[in-house]
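Enquirer: Here are the chains, one letter per residue:
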Amino acid sequence: MTGLTANIDQTIPAFDLKAGQFIIATLVLRDLDIAALDEFLAGHVARSPAFFDQAPVAIDLSAIPSREQLEDLPMIVGMLRGHGMIPVGVRGASDEQKAQAQALELAVMPAARIVAPPLDTPAAPAKPAARTMIVEKPVRSGQRIYADAGDLVLLAGVSSGAEVMAEGHIHAYGALRGRAMAGVSGNTEANIFCRELGAELVSIAGRYRVSENLESRYLGRAVRICLSGEGLDFKLL
Amino acid sequence: MARIIVVTSGKGGVGKTTTSAAFAMGLAERGLKTVVIDFDVGLRNLDLIMGCERRVVYDFVNVISGDANVGQALIKDKRNPNLFVLPASQTRDKEALSIEGVGRVLEELGEQFEFIVCDSPAGIEKGATLAMYFADDAIVVTNPEVSSVRDSDRMIGILSSKSRRAEQNLEGIREYLLVTRYSPERVARGEMLALEDVQEILSLELIGVIPESPAVLNSSNAGIPVILDRESSAGIAYNDMVSRYLGDDLPHRFLKAEKKGLFGRLFGA
Chain A
54 MTGLTANIDQ
64 TIPAFDLKAG
74 QFIIATLVLR
84 DLDIAALDEF
94 LAGHVARSPA
104 FFDQAPVAID
114 LSAIPSREQL
124 EDLPMIVGML
134 RGHGMIPVGV
144 RGASDEQKAQ
154 AQALELAVMP
164 AARIVAPPLD
174 TPAAPAKPAA
184 RTMIVEKPVR
194 SGQRIYADAG
204 DLVLLAGVSS
214 GAEVMAEGHI
224 HAYGALRGRA
234 MAGVSGNTEA
244 NIFCRELGAE
254 LVSIAGRYRV
264 SENLESRYLG
274 RAVRICLSGE
284 GLDFKLL
Chain B
113 MARIIVVTSG
123 KGGVGKTTTS
133 AAFAMGLAER
143 GLKTVVIDFD
153 VGLRNLDLIM
163 GCERRVVYDF
173 VNVISGDANV
183 GQALIKDKRN
193 PNLFVLPASQ
203 TRDKEALSIE
213 GVGRVLEELG
223 EQFEFIVCDS
233 PAGIEKGATL
243 AMYFADDAIV
253 VTNPEVSSVR
263 DSDRMIGILS
273 SKSRRAEQNL
283 EGIREYLLVT
293 RYSPERVARG
303 EMLALEDVQE
313 ILSLELIGVI
323 PESPAVLNSS
333 NAGIPVILDR
343 ESSAGIAYND
353 MVSRYLGDDL
363 PHRFLKAEKK
373 GLFGRLFGA
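The listed protein sequences derive, respectively, from chains A and B.
All the letters of the first sequence, read from the start, carry residue numbers 54 to 290 under our numbering.
All the letters of the second sequence, read from the start, carry residue numbers 113 to 381 under our numbering.
Same shape as in the complex, but just chain A (with noise of 0.2 Å):
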């Protein structure tokens, strides 16, 4: 017998690469009066610690003359990462600038769309009330059903080709054979309940894996779907 074992069940690849939507802190820099800058770092960060230690920081160089060189970059990266924050990258750079930053590892980020702050912020829409939908009947294929404001139960089955959606969880009682997509709107804590696995396509919170790399041992079976750290991890039930 040789060492090589014919990998016939479906492989699940080793890497993914997803486009991720992150929101970053960003310092504006408008001068480099260095002292100024400790003390106001350091009056934020006392004001909300929690929300300074280890956050990844941007640091906008737009307003800062493009032809000047950026010598004190250096002595910044170094007084955001002192105040506990973690400087990765820089954004409105220019090319002096640019080459700077990635000499001390910074990324260079796409430059801000310069945004005016509305004058009158309108009151902010009311978000639903959380709210569950249940169905009762099989959602057929081509049918696509959106649960907008909490879980999603589905009593009957989901057929190849239907899609299910909800902003929190999704519970199938009958055979989930088209596309299940839980969170959709960025809801990392949303789970996947099935009572026979046979999706064509999972997903919470955007992160999602098609019915050729779910694992057989899982397939027809009681399954738990939720999100565990980057990844999907699946549970029999």
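To be clear, the hints were calculated from the coordinates, so they are not data collected in a lab.
Hints may be right or wrong, so weigh each one.
Looking from chain A toward chain B, a few residues come up when the C-beta cut is under 7 Å (computed) [claimed, not checked]:
(1) P191
(2) R193
(3) S194
(4) G195
(5) Q196
(6) S212
Source: prediction; values computed, not measured.
Where is the CB? At the ideal position from N, CA and C, for every residue including glycine.
Assemble the complex: chain A is given as a structure, and chain B must be docked to it using the hints.
Expert: Leaving out everything else, chain B in the frame of chain A:
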């Protein structure tokens, strides 16, 4: 007002026209005044299967556009006085149909007939959606194989959302599953889906299982609805199906591979 039944499937070539002809003839044989309408404008087949292709003068589109009245277009079946055929146009296309026109014709037919059978074209576009729009009952014809089952599933979804009953919030269309071209031998070999699998995927009331049979081709060549071939398994199965539609609770036949008798095994028939 007549009961309107649409025979539909989504997938093409599964047996809608064969079923429409057999079903309509079956109702007529039981003394019920029936008209069967071909909705496949431009690709008409019902007149061939019914054997009246040489008597077509006016068609469905002529009636909708007012070139002829319903009485002039209807073709009386030579075998049964209860049965009439309204053929489709062959020279026009489905754009010639309109929802108002179809509605008017169906209302007029509803005054003379007890049952109106609408033979839908394949697909989910205008011809198919118009054929189903006014329906009270739907027979979803499905072959026991994956693409037909998926297309039927899609069609069932459309029936529950794009019909007049759905739009007016009335009681929904009564949907029935008819499995056609069933071959228990092929199911045993794993080449075709078993009846239970089809039912599990589609979750519909089963109104009949029509076995694969050479009688279907022979009948269509002869222009005779296959239900009139009393010896064939397909004809018998269609007859059972009509009875079930009218309320008889009959067991389904032809589900198991036939055991060959002694002569069959000796002579390899």
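Enquirer: Looking at the structure, which of the earlier hints fail to hold?
Expert: When the structure is compared with the hints, none of them turns out to be violated.
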